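Participant: Offset between the sequence shown (1-based) and the numbering used here: plus 224.
Hint data in this document are derived by calculation from the structure and do not stem from the laboratory.
What you are looking at is a predicted structure, and each value in this text was computed from that prediction instead of being measured.
Errors might be hidden in some of the hints.
Stated by the list, open to error - Ranges between beta-carbon positions, derived for each pair:
id	residue 1	residue 2	range
1	G254	R350	38 to 46 Å
2	R291	G245	40 to 48 Å
3	E290	R359	30 to 38 Å
4	R330	G303	19 to 27 Å
5	K305	A339	27 to 35 Å
6	A311	F289	16 to 24 Å
Where a beta carbon is used, it is the ideal one built from N, C-alpha and C, also for glycine.
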Amino acid sequence: MDWSKIDLNYLAYPSCTRCNGRGEWGEHEGSPLPCRCALRAMFRVCYERFRACVESGRFRSRVSFERSPQGRTNRGCWGRKDEEYLADFELVARRLLDPWRYKIFRFHYILGADASLCCRRLGLSRGAFFHAAYRIEEILGEAFATLEPYALYPPRDYFSKRLTEPVRATPQFVPQPIAPRRGRPRSAELLRNVLKIA
Numbered sequence: 225m226d227w228s229k230i231d232l233n234y235l236a237y238p239s240c241t242r243c244n245g246r247g248e249w250g251e252h253e254g255s256p257l258p259c260r261c262a263l264r265a266m267f268r269v270c271y272e273r274f275r276a277c278v279e280s281g282r283f284r285s286r287v288s289f290e291r292s293p294q295g296r297t298n299r300g301c302w303g304r305k306d307e308e309y310l311a312d313f314e315l316v317a318r319r320l321l322d323p324w325r326y327k328i329f330r331f332h333y334i335l336g337a338d339a340s341l342c343c344r345r346l347g348l349s350r351g352a353f354f355h356a357a358y359r360i361e362e363i364l365g366e367a368f369a370t371l372e373p374y375a376l377y378p379p380r381d382y383f384s385k386r387l388t389e390p391v392r393a394t395p396q397f398v399p400q401p402i403a404p405r406r407g408r409p410r411s412a413e414l415l416r417n418v419l420k421i422a
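Could you build all of it, start to finish, from the sequences and the hints given here?
Facilitator: Now the structure itself:
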């Protein structure tokens with residue numbers, strides 16, 4: 225993802241001592257590097273949408289049809305956006321986090337346990353728990369923003385139309401070379417062979 229200074233500035237905590245509220249703490253090859261506070265803000269935006277999908281899923285589940293912007297008018301696909309977002313959110317965390325951090329993620333973010341219950345259940349001090357929770361938010365915030373081809377951050381882009389390229393009904397035709405002719409060579413082929421030798 226190309227980090228924008230405006231977006232990072234918008235996401236930054238004003239009281240952050242690392243970036244002084246700018247959202248960036250350096251540059252790499254001309255693009256700004258996001259501060260940890262901006263990464264945590266990205267995670268929290270995605271987590272708010274996750275909680276909204278969980279709450280709305282109790283009462284309704286809807287199927288949506290996404291039309292392809294190009295091609296035939298009826299081409300598209302059916303899907304359950306809320307359930308897909310929930311699954312992607314949880315699977316990205318499962319793949320990126322080590323087992324210890326994933327256990328904290330599952331208890332605190334997925335199951336909704338508060339800090340004191342997580343500390344008691346996992347045998348952690350309060351400080352160790354919050355350090356782990358902040359690190360989880362940083363890891364997943366960056367992953368949600370840089371996920372390809374459909375990033376979870378920002379959620380409005382995830383829930384909008386996805387198909388930007390035309391859908392091909394058949395694979396692209398690749399011409400195959402013709403095998404050389406067997407039998408007696410033609411005069412044009414003899415002439416080419418003579419010219420190559422000379």
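Participant: Please list, smallest to largest, the hint numbers that this structure does not respect.
Facilitator: none
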